[in-house]
Each structure stands twice: as structure tokens, then as C-alpha cells.
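A.B. asks: Here's the letter readout for the chains.
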Amino acid sequence: MSEEIRTGVYTCHCGSNIAATVDVKAVAEYAAKLPNVVVSRDYKYMCSDPGQDLIKQDIREHKLNRIVVASCSPHLHEHTFRTALAKGGLNEFLFQMVNIREQDSWVHLDKPAATVKAMDLVRAAVCRVALHKPLTKGSVPIRADVLVVGGGIAGIHAALTLANAGKKVYLVEREPTIGGHMAKFDKTFPTLDCAACILTPKMSSVRAHPNITLWSYSEVTQVDGYVGNFKVTVTRKPRYIMEDLCVGCLECIEACVYKEGKFVDEFNMGLSKRKPIYIPFPQAIPQVPVIDPETCIDFKTGKCKKSCVDACGERHAINLKMKETTEIIDVGTIILSTGFQVFDAHRSPEYGYGVYPNVYTALEIERLVNASGPTSGEVVLRDGKRPKSVAIIHCVGSRDEKNNRWCSRVCCMYSLKLAHLLKEHTDAEIFNFYIDIRTPGKGFEEFYQKLRNEGVHFIRGKVAEVTDWAFDPSEEGKLVIRVEDTLLGFARRIPVDMVVLATGLEPHADAQEVRRRFNLTCSSEGFFLERHPKLAPVSTFTDGVFLAGACQSPKDIPDTVAQAGAAAAEALALIDAGHVEIEPNTAFVLEEDCSGCRTCIPMCPFSAITFSEETKLASINQALCKGCGTCVASCPSGSIVQNLYDDEEIFAEIEGVLSNA
Amino acid sequence: MPQDYSYFPGCSLQSTGVAYDESVRALFALLDLKLHELPEWNCCGATSYMSIDEGSAFVLSARNLSLAAQAKHRDLVTPCSACYLVLKKTQDYVEHYPAIANKVQQGLQAEGLPPLNGVQVRHPLEILYNDVGLDRIKHASVRPWRGAPIACYYGCQLVRPYCDSDQQQNPTHMEEVLKAAGIPTVDFALKTKCCGGSLTGTIPAVGQRLNYLILKEAIRKGAGAIVTVCPLCQYNLDAYQADIRKSTGEAIDIPVLYFSQVLGWAMGADAKALGLQRSIAGKQTIKQWFAASEREEKAHV
Amino acid sequence: MPEAVEPKILAIFCNWCTYLAADLAGTSRIKYPANIRVVRVMCSGRVDPQFVMDAFAKGADGVLIGGCHPGDCHYQEGNYKCLRRFELLRRMVKEMGIEDERFRLEWISASEGDRLRTVVTDMVEKIRPLGPRQTLTEVTQ
Amino acid sequence: MATKLNFSERTIKFQREADPEWARQVSEHPGCEGLFSCLQCGSCTGTCPLSIYMDYGPRRIIGLAREGFRKEVLNSQTIWLCASCYSCAVHCPQQIHITDVMYNFKREAIRSHLYPKRFAIPVLAQEFYNVVRRNGRTSEFLVVLRMALRTNPLILFTMWRTGLDLLRTGRLKLMSEKLKHVPFLPKEDA
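Residue numbers (the working numbering), protein chains in the order written: chain V, 364 to 1024; chain E, 482 to 782; chain G, 10 to 150; chain F, 287 to 476.
These are calculated hints, taken from the structure and not from any lab test. Even glycine gets a Cβ: it sits at the ideal position worked out from N, Cα and C. Since no wrong hints were added, every one of them can be taken at face value.
Pairwise CB distance ranges, derived in the manner of DEER restraints:
{"no.": "1", "chain 1": "E", "residue 1": "Val623", "chain 2": "V", "residue 2": "Lys686", "range": "54 to 62 Å"}
{"no.": "2", "chain 1": "F", "residue 1": "Thr297", "chain 2": "V", "residue 2": "Lys765", "range": "33 to 41 Å"}
{"no.": "3", "chain 1": "V", "residue 1": "Leu744", "chain 2": "E", "residue 2": "Lys768", "range": "39 to 47 Å"}
{"no.": "4", "chain 1": "E", "residue 1": "Gly749", "chain 2": "V", "residue 2": "Phe626", "range": "44 to 52 Å"}
{"no.": "5", "chain 1": "E", "residue 1": "Glu576", "chain 2": "V", "residue 2": "Gly804", "range": "42 to 50 Å"}
Can you make the complete structure from the sequences, with help from the hints?
C.D. replies: As C-alpha cells, then:
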């Protein structure tokens, strides 16, 4: 190689983030003495415009042809500095980044040791970068079609946004209807607008939109491919009613041999009964009933007169022989909006859920106060009586090391909302028991103030127990709350008729399976992990897959909708660009060295390597290669080379780290 | 085949809780379970000891565990809730705190005792539930129950904080075992409330108040007797009823028995072997339920 | 006794899990000993046995490979490939007279910043008492 | 009934009265690690059957301790009333071993002689300790007798009925058992 290597090294202070623990000046002085280094500077903020200008200027003035920046994680600013190189007229891959913040200054306390570490890493980068070659980014076209997984408010909003932008959207929902948790709510906080009034029109738009294909009662079972070109398998469970033939008259339900509902109605949280053939709620989308084979007599015994089929008559929409089907679709991007599940109150036995009938979960109360709920909005206990006093216990299953340690974020506000609604419906005395009231949203604090003025009690203390232990006649027949009123400083016993548990939000039981299917990561509590908590909150580490709503972390409706819009916008940005740039880190075979042993072929998870019977050589399809480098490590003759992670580059880095200068 | 266990009665079972010792031995014999009392066992290191000198309390407790490890029966049975807790706590702390493990290790070494290794500390109730099983209990229960339904009272230290077999906040094993033996129970919200422990002796007004609340709620729930798993609970609830009658003016007189007494009874042991004559409260009721029907049975034979 | 030299551990972390865990440890300000130097590869499947041999040859006191948990590989199964190579390599490393403690493969996911600390701290604590590693030439002599 | 007004006591606390270093030391003791993670939610005091007799209750004791108010903690009545039922520890959402924290304070108070003279609870603990130290086992009779003699001998008169009942049912053992060899125990009484 005739080219003279001229390296510039830039060490960042990051304000005091790095400089407090690493002697930045010493690192820069040290770097100046390393081989090939022509310029070595330190600067307060390398990622700022002046910082980047420094690089551009030096490339011109000092004819630099290699750049090393020692600052933060490449996951944060590698792109920034590569762009600076390009603008300075240098190939952007003649660059190496050194992570002396996340992996050095922030994790060590010993300043001399952290400084030595930074020097070692800079030396390694200087050694490595000398071997870098100019590369060109690859590019793959992006399919315009989008898959949205989960038809709650997040999925609905994302799907509509994309469809309105003219993109074809597949919306896949696991339940028989879209609408998610929001469809079960009565009112929404803090404005108290009716959940159905704002949700159902959007649900209808989904059904009517020419650009949306809605597959309810379906699940994504396999995802192959990569950004721009995913191949997705959707399994459609049989609902035993043909969606294209059904007109939604619901006469079949009327005609069922069960004259009354007999089975737990999941939508009403078990507070009412449904038939084996049912529609979850009157405004369900699609307006198509579903038959539950677990309870339908015909499925269980084969001996039903099938009055539902008769009722359907000429329309022939009921098909009891329907089988599970699969659809395979090609999409360019995916939005995951799979939502959350509610904490199971049985896991906090001190509150007597499942033991005392008048202990309810918040979601049960949502149905109870709902005009279209099991009691048509009349709030009555299980024995039909109207409660005169209600306790609402906050943080059930949240902020608790025994269950879920996180704050579920919406419970304070929905508890206030339920307190208001219960007061409105029953005029009962309402007691809220809280650890901290968290009302940091628009109009939230004002709502809290309104509730205080309505005479709702707020008692600061985590309830110790709910029992039917009657201390004296005033407590006879009641549920008794025992709690320390931490602000007044004494224990209290408060007898009530009804207890509402403000259960928290947690990841779905199968979140880990779903995560694997979409090649995502979960954060420690099990919600899907975003690419960056601040700068890329809806992106994931899998390009082309975006997150919306509570599958990422607990959030309320406004935040969910905002995030759904953001996810849709991210997808649109990719689609409108028409293509996505990819790292040129693919592997290729040096034909002159390949012995044709075929060791590499089974190594590739993407079947990118083929063996030519003619030439007896392996070759790698550059479009299929994802750059993992597994084949490179397996090649016995060393004839596979990986761009950006070539053997000699890595050896240089190892040597650089270990050689004590 | 008989099953063998090491047995740690603890100090209470030699005096105020002697009926517990008698009935556990009788019950285990009926079920073909062998108890081998640890030779030269010492105080478990209980609550009060823990308040003075934590370090030597752990060593004291560990000596018993080490003796059990030597005895080579797989499990160490202790009926006293406090002993159960302290022994388990010792294992927990030895596992989690190297400094305590060291101190315990040194103490044992000085005594020429082997180190702690994997002895399981178990309570007779849990053995009945897990090792014997509800089916066998059902089959072994030969006497029909003629008494009133029972309030199962677990107290604190058996279920908290080291119980790994039953649910800590709502244990149900006692109810299930009694039910299998054909003995009815009532729902009892206070089943894991504290009996006051040694406060009955140190601050009688406070201790007895706690006893009173438990007794009263059991009666309100229609229980004819309270059944316990702990010698101190039994003592507190049993021995102060006369004082409580005097201070509250309420006619409280309810038998407080050990679960091993009622189960032993259901399985055919005689009243004396179970120490039923050692109860202080509810003597009349006990006579009616047990002694009378035992006489009946004898007359039949 | 000469002053103890701090052991230097070469770590090779995959881009998607363990490297991110190390970043997370940073953003969470989790503290661990400054003995490790991380080399980033896209996948633990990229780890060529020669990297490990080379590191030991050039004086590393320990080598730590970090990848995604089984089933979680960003490239589907690169970590399994790595595991198989590791098992073989471990025996070779042992043959060469290098103590077991000096060579580790750990699965650390992107959310396990805390686990990263535990692994690194534990490895440093186990290697430190072994003293500086003999060079390969010393071993072969 | 007329309320008696009292203007002689001020409730303000000055930071110079707090000892944060003590709080840190407490939190390093085995079992007391969770001290600083307390949410002050009150589930401990809420579930404590004895909190209604306490001056602070467990929540405030934890709060006082982590702010370093050593004197208040060690002089409190709360730590003595803890009957170690572990209800607080099981309920605590932060899984703080509150009972063990209480033990820690009891020990420190006894070591520092910070409890009312003739106060039965610490005396009982000491006598229990002394009997076990000598005999290897405890004897309820002996412990209670010695406690009564050291605190308030008159209390024995209120105990006669219970004592008699126990004697009658064969549950009072007057002679205490003594191990042949009393193992590794401290040489001195508490």
C-alpha cells in the first residue's frame, strides 16, 4: 500500500461527563504520539457543530485520511461523525469510534485507571483505523405496505394514519374485535369524554378504509426477512362465520339454542354471561359474531339442532367446518402495538380479591359504570345493592418488589376518574388510598383538584389489608380497610361496601415469544425495548420495526395515540425515501483462496451462501447477507472477508488494546 | 415403610406446650412416621435471644442444625413456630451473609461439629400436607367429628417470612388437612394475626387485648374451638381467658387446641395421649366432645 | 512482593445484546472495575477462535465473550455457533495451561446492565488472585 | 373537658441533631439493607397489630432512622413493642426486613442502656438470654420469675391464677433442664 496514513484523533470531554473521570488532555497528548497520528485534539463537545467542523477543517488542512473520535457509544453518534467525514470529503468508513463514556467514564470511579483504559482503547482504534478501506453503503428498496400488529387504540391510530397517507395496511388483531382495552372504558380522563364516542368512529373508519385489510381473530406466527422486505405469516383462527357473507344482523345469536347467556363474558370481565355464539360488544368491528367451540353444543356433542345456521338461512354465512387458515404477506415495515395485560389481583391476596365478592378490579368497575355494560351503567354490588361507601386502593401490583416494581402510570388518573364516576352514579363516600398521587399530564392536576372539591377522601397510605373482620357492630357486614393514614400519623379502620383495586399494567404473558418472533429486545420488566429512550422512542434495534402504545411501557391514551402517530411517521419516512441504506458490513468470498469445503454454507442463517458445482467455490449473495460474520469465523482457509469487521482489523484492535506503549 | 425424621421439640414443648409434644408424637406414630429427638438439643436462639446478641443466637441455632446434619435423617421437624422461624432464618442469613456464615462456622468448629449442610427444617403441618397427603389423612380418619366447626389459627412465625409451602398471606393447609379428616372449619380473617407473643407477660393489657380480639372474632364467625400450630399462640389464647372475662365482662370460654390434637383424635388416639386434659379454657366443651364420646366408644367395645 | 499488576481482560461483545448492556450499565451509572477493554463485533458468531488465541498470546489476562441469550440472537443462531466453538476452545485453552477462570462466555442481554457488572466484577475478582498470566512461551517451556 | 394547652415544647428538628453517618451504618447491617429504599407507604404500620400502642410505628421509625435521628429511634417505645410477627416485612412493597431492623435497634438500645429502668420487655429478653446462657435451654417459669423480680414483683400476684391453672394441668415446669454441656455461649450475663 503506497498511501500514507494520516490519522486525526479527537477526544471529547462531553462537558464533564467524560472529563470528570478521564483525564481527557492526557489522552489527547498520548494519542498525538501514536503512529500515523497527525492531529490529536480534545474538545468540549465533539458532536456539536463546532466539534464536527473541527474534523472537517482538519481533513482539509492536514490532509487527514483516517479519523478516530473518542467520545460516547457508537450507537449514539457514529452516524453523526460519519456524516461529518463525508462532508469533509472523506469516505465515511475511514472512521473508528471509541466509547469512553458509557463504557468508561460512567462506569468507573478510579480516574487513573479510567484514563489508562481510554488510552488503551484509543490506541486500539488508531491501529485498527489504519486498515480501514473506503466502502459504499448498500441500499435496499422499501415495500410500501405496512403491517400493524394489535388493534387497540395504538394500532387503530397508526393504521389509519398510514392508510390516509395512501399506504396499504394490514391490521392484525388477536381478539374477535378491534378496540382493545379502550373499548371497555366508560369515560376517559381527565376530560371525561366518552370512550366509545371517540373510539368507535375510528373503529368504523378502519373497517371502511379501502387501504386497510383487517384480520381480526388472527395472529402473526412467523416473520422472515428484513427491513423493506418482511415476509409475514398470519394465522387466522376459525370464527366459524364467514366475514364476507355475514351481514351483521346478529339473528344467529338470537336463535342460539341457549336462550340466555351461560358462559363467562370476557368483554364484561365476567360480570355477565354470553352465549357460545356471540359478538363481544354491540359496536364490535368487524360486525361478525364468533362461535366459541369450547362451549358450543355442536362442537362438544355434535348433537345440536343448529338453529343458528337456520337463522342465517340464505346467507350461508355460518360454516361450522371452518378451518384455521394462513396468509403470507410481504410488507416493508412493521408497527407493533400489542398493548398490555392487567395485573392479576389474586397475586395480592391481602386485598381479598376472589375471596370477598365485593372486591372488584378497576376494569370490572369500568364495565359496571358503562351504560352499555352488564348493568346498563347502574352501579350495584353482586348482591344487587347500591354501595354507600367505596374504597379505591391504588398501586395494586405496581411499585411493589413482590410483584411489579414499576409505576403503571395510568392508575392514579383512572382511579380519580372512577372515583368521580362512582360518586356521580351512587353518591357514595369515596376513599382513595394512595402512596403518591401522580398527575403530571395536561389537565390532570386540575382534575385532581376537582375531585378534592367533590368531597372525595384522599388518604395517603398503602392499605395493609381488606377483611370482613368486624371489630364492632358498625363494621358488621362490611369490608374493612386497615391502613395507616401516613399524613395524620395513625392507623385507621374504614368499613366500606365496595373495594376497587387499581391494578397495574404489565407486559402480556407471551411478550417474550412475540419479542423473539419480531427479533426485538425487552427491557428488564418485559416491555419491548425502544432503540433509544429519548432520541428513538418508537424505533427498535430491528430496522423497520416500530413500537406504539403500552407494549413499550405503560401509557395513557393521549401518549399512546401520539406514539402511534410517531410510529406511523417513522414508517412513512422509510417508505417515502423508497429505500434504506444499510451498513456495508457484508461478507464476501475471496475466490482464489476458497477450497470449496462448504463449511460456511450451513453456518448462514439467511441462506445467503451458495456453492457452485461448476466452479466448486462458495459465493455470498450480497443482498441476502446481513453481516453477522459467523461464516467468516468458520472458514478454515480464511477466504471469507467481512467489510468493517475484517480479521486483520480486529487483530489490529486486539493488538492495540493489549500492547502496552 | 415408616419414614424417619429428626425431631426438635424446643423448650416450650417441655412445659406450657407439653400437650403439643404429646399429640404430635401420638399423631406421627398413628401415621407410621418416626420422630428421633435430637440428642442434647439447645434453645433455638429465639426472639428474645435475638434481641440481645444476634451473632451468638445464630451460632446457638446452627448447633441444632448441625446436630441434625449428623443425625442423617433427611429432615428436621419442629412443631414450635418460633423455633421453625429461627432455624430457617439462621439458614437464610448463613446463606446470604458471609460474615455470619464465618462466625457460625467458627462456632461449630470449636465444638467439633460438622458444618451446616442442606438440612430441611419442616413443620409437622407441612409434613402432613406434603408427605402424608390429604388422601391418606382422609383414610386414616376413623372418628366422625361431633364438635362445632373450627377456626384455624396460624399465627405469625410459621407462615412469615420463611414459609415456602403455603401462601404467606392466606395460608390454607390447616383448613385442607382438617377438611380431609372430616372436621369443618370457618372462614377466619384473623388467622395470621399476631397473638401478642411474650407481650402477655410483659405488658398484659396489650397482649391480652390481642388475644381477646382473636377469640372474639372466632366466636363471631361461629367457631366452637380455635386450632393452632404454635405453643405460644395456644398458651396465650388458652391461659388468659379467665383474665379476659374479668376485664371485658364478656362470657368468653372457647377451647384452644393444637391441630395435632384434633387430627390425632380423628385418627383414633385417646384423649389422654393427646394431652386434651391439659387445656385450661373450654374444659366443658372439650369434655363433651372428646372424653364423652371416648367413653361411649369404650362402652360399645 | 512486587506491586500487584491489575489484570487486563479483553472482552469481545456482540453489537446487539452485550455491547448494549455495557452501554446501559453506563447510562445507569453502574460501577464495575476498569479492567476490561471491549472490542465490538456484530455477533458472537463472528468470534474467530484465533481472536482468543491471539489475545492470550499478546498478554491478555482474561478473555470474555458476551452474546445474546440462547434464542435471542439478532441473527437467529450465531450465539449457538459461538457456544460450540467456545466448548472446543475452552479445552484447548486449558491444555495450554491457562486457568479456566481466565476464559468465559456469558449471555448478557441488552437490558442486563446489572448482570454485566456482576460478570465483570466476578471475573476480575477470580483472576486477580491468579496473578499475571504466564506468557505462552513460559508455558511451553 | 377543657383542653390543656402546652407551649413549652417545640417540635422543630435541627439538622445538627441528625446523624446521617449512623443511618449509613445501620443500613450496612445484615438485614437492614433496604433502609433507604422505603417509600413511606405505611403498609407496615397499617398491618402491625401493635402499631396502635406505639409512639411512632414502624414507618416513622424507618423514616427517622434513615434521616439519622438516632436518639428518637433508640428511645422510642415502638422498637420494644415489636412482637416480631413479621407482618410488616411480608407486606413491605420494598421488601425491607423491618422486623430485623427492629431487632437491630433493640440490640443497640440495650447495649447503650437506652430504655426505661424496670421496663419489662428488655428485661425479659435479658433474662431469657441469661437462662439460656447458663442452661442451654430456656425455662418459661424461671425467665418470667426473674423478670418479675427485676421489674415489678407485684405483677406475680396478678399471675397466680394462670400459674395455678398451668400447675394443675401439668404445664408448669418448676425445675429447669440443663444440658450436660452448655455449648459456646458468652461468659457474661446481659
